[in-house]
Amino acid sequence: MKLLQDYVRHQAESRPEVTAVVCGDQRLTYGELEASSNRLARLLQASGCERGDRVCFAIPKSSTALIALLGIMKADCWHVPLDSSSPPVRGMKIIQSSQPRLVLGTGATAVLLEEMIGSGVQSGRVQVGWLDNSRKTDEHLNSAFSWNDLQHCSPETLNHRNSDGDPAHILFTSGSTGEPKGVVITHANVIHFIEWSVKYFGIQSSDRISCHSPLHFDLSYFDIFGAFAAGAQLHLVPPEVTLLPNQIANFIRSSELTQWFSVPSVLSYMAKFEAVKFGDFPTLKRLLWCGDVLSTPTLIYLMKRLPQAKFTNLYGPTETTIASSFYTLAACPTDDKEAVPIGKGCEGEELLVLDEALQPVPRGETGDLYIQGVGLSPGYWRDTQKTSAAFLRYGPKDSRIYRTGDLARFGEDGLVYFVGRTDSQIKCRGYRIELGEIEAALHSLGGVCESAVVAIENADFEGKLICCAYATPDGNKNLSIELRRRLSNLLPTHMLPSRWKGFDKLPTNPNGKIDRAKLKELFLAEERKIVPSPLISPDVDECGSSPVPPTDKSKPDCVKVNAELDSGIVSARNMFKRRTGAVGGRASGR
Amino acid sequence: MLDTQQQRVQAELASLFSEVLHVETPSEQTDLFESGILDSQNLIDLLLSIEQRFDLEILGEDLELDRFRCLEQIATYIVRSKTPNGA
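Sequence order for the protein chains is A and B.
So the first sequence is numbered by my numbering: it starts at 11 and just counts up by one.
So the second sequence is numbered by my numbering: it starts at 73 and just counts up by one.
None of these hints come from the bench; they were simulated from the model.
Keep in mind it's a predicted model, so treat the numbers as computed, not measured.
Wrong hints could be hidden among the right ones.
[Said to hold, decoys possible] Which chain B residues stay away from chain A? Per the calculated CB distances, all over 12 Å, these:
id : residue
1  : Ser99
2  : Glu100
3  : Gln101
4  : Thr102
5  : Cys142
6  : Glu144
[What the hints assert, rightly or not] Short, incomplete list of chain B residues facing chain A, as computed with Cβ under 10 Å:
id : residue
7  : Ser107
8  : Leu110
9  : Leu115
10 : Leu135
11 : Glu136
Where is the CB? At the ideal position from N, CA and C, for every residue including glycine.
Start from the sequences and build out the full structure, keeping to the hints where you can.
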């Protein structure tokens, strides 16, 4: 039996001096990682942590965060990451739901932790272990230990008491009722994926692997444990690097990465602003994405510039651990409308496309996508109802299957193609968002008599745009800025609607319910109003040689400014680039 | 002349913050990143809306944080990239 922390122990025994983690100027060897996490595990145990206890984790992405992740596992505990970019109320909900024995934090997250813990009803003070020397105690927090205490603990390997069927972490995702729901993931779940991926991708000790995803996102566990399993170097991508596309490209170049793995929006961002050159990233062997559909034009853009790299689409919801299926491109698509499949099940996983009676649908027809296999989570944290609704029994062997809520079809090639969603869950820049959770938050604000949240295709970039329609008792239609600000106290940034519109009364259908289809139409019409640029009509040729006079009457100031600035010269536009971000509802993987 | 242009661009740009990003319009020199007004989510929205509104193409190599740190800097960038041979 193997546990996740064993990967590091194994490397530390055979190659202790080899660099495991690179984060800015900091480097941590496998030997240091093993010793520090052993010390931390002992501190956690001395603070009362036992097998099965939850330990919440609010630590910025750093080598310390990885010591913490391993230390928690070595203390036989479950790791519950808190998103430090989320509002404190949301973190508090996770703390209240998971009831941790202890919370780990640093000075950088201290204020957030205080706000989180202070914002909720809590019986007794919350124990906090500080992973630096910011020892703080107040009316809500009780300081259990700080970084200096580590040196008093032995760095020797601990004997674990848990088994690989024990949870490694609980990952909280957006819940349709407004409460985040916790997905329980075991050591065995993650290990199955890691063992397959190291073998399939041929990850070696010489590899330099990116860790782009935040640590509360399960994609990061592939980066982390895939690297540790192979004894490779893990390069943590600082969040500020991801602000701009050329910074991301510079990071890949200067770190001489051999593997990049992220959500597609990061890749589209680089393509959109042409941050990748022909023959760029000479060390890059593999480029992988997961979490959303990568548009085919972006894929073509990258494959043409990086001919040496292997491109793989991974697919899978959190409930089935990191990814359940894969598809590696054999060649660069020739048609930018070509759909990229989500492929076939990883080892030990199977994708099923079934009808309402749980019978397989004929090849080529769309059905509900189910997953069975070794990645399936035991279920949702303390929610048997949600668990039994999503995890069903199937077939003669009564196998456990997970209902993804995605629609899919088998192609003639025997591969699975993603088609869409059955419910109001959307993907936005890789984040999984339940529109119901945003609506629940809006309703709790007060001051709004009607509101609805819908999602439309983003015409100019990847994925979806979240749109909010509202009506107030006094007919005020100019509350968008204030509503967004108030909503930002309840929801993380990625869940905030990007389009807002005030109504006297929201449109209804004959049953008297809010007409969401009509709302989508209205928001789409607004997008079309924005899209025509004031100086270039859509039929201008590739060289932009025939500038047309401004016709858009809706933005006179803007037209004037542009007319002044342009001096009659229209820059040559790269037509490919203009199309790069357009997804247009095409389903090509997720 | 340039000053006027700069001011007009700045005013137009300011309106993008309220109309497109739905946040309070920051002052000319507010650090948009330090103040938390811009993050990796809405920075993309801002860049795309600048491209649309000012009809220009922002290239990856132009995207330095120090060019986009405050409203004034962004306006300067827009004026320069719209001026023939002036960049």
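Now the hints, each set against the structure:
1. Non-interface status of Ser99 (chain B) relative to chain A is upheld: no Cβ of that chain comes within 12 Å, the nearest being about 16 Å off.
2. Here Glu100 (chain B) stays apart from chain A, with its beta-carbon at least about 17 Å from theirs, past the 12 Å limit.
3. Gln101 (chain B), annotated as away from the interface, keeps every beta carbon of chain A farther than 12 Å; the closest lies near 19 Å.
4. Residue placement check: Thr102 (chain B) keeps its beta carbon more than 12 Å from all beta carbons of chain A (closest about 16 Å).
5. Every beta carbon of chain A lies more than 12 Å from that of Cys142 (chain B), the smallest distance being close to 15 Å; the non-interface claim holds.
6. Remark: the non-interface label on Glu144 (chain B) is consistent with the geometry, its nearest Cβ contact in chain A lying 16 Å away (cut-off 12 Å).
7. Using the Cβ-Cβ criterion of 10 Å, the hint placing Ser107 (chain B) at the interface with chain A is not satisfied: the shortest such distance is roughly 13 Å.
8. The beta carbon of Leu110 (chain B) is positioned within 10 Å of a beta carbon in chain A (closest approach about 8 Å), and the interface hint is therefore held.
9. A least Cβ separation of about 6 Å between Leu115 (chain B) and chain A falls short of the 10 Å threshold, and the interface hint therefore holds.
10. Given the 10 Å rule on beta carbons, the hint for Leu135 (chain B) holds: about 4 Å separates it from the nearest Cβ of chain A.
11. For the restraint placing Glu136 (chain B) at the interface with chain A, the shortest Cβ-Cβ distance is roughly 7 Å, inside the 10 Å limit, so the hint holds.
When held up to the earlier numbered hints, the structure conflicts with hint 7 and nothing else.
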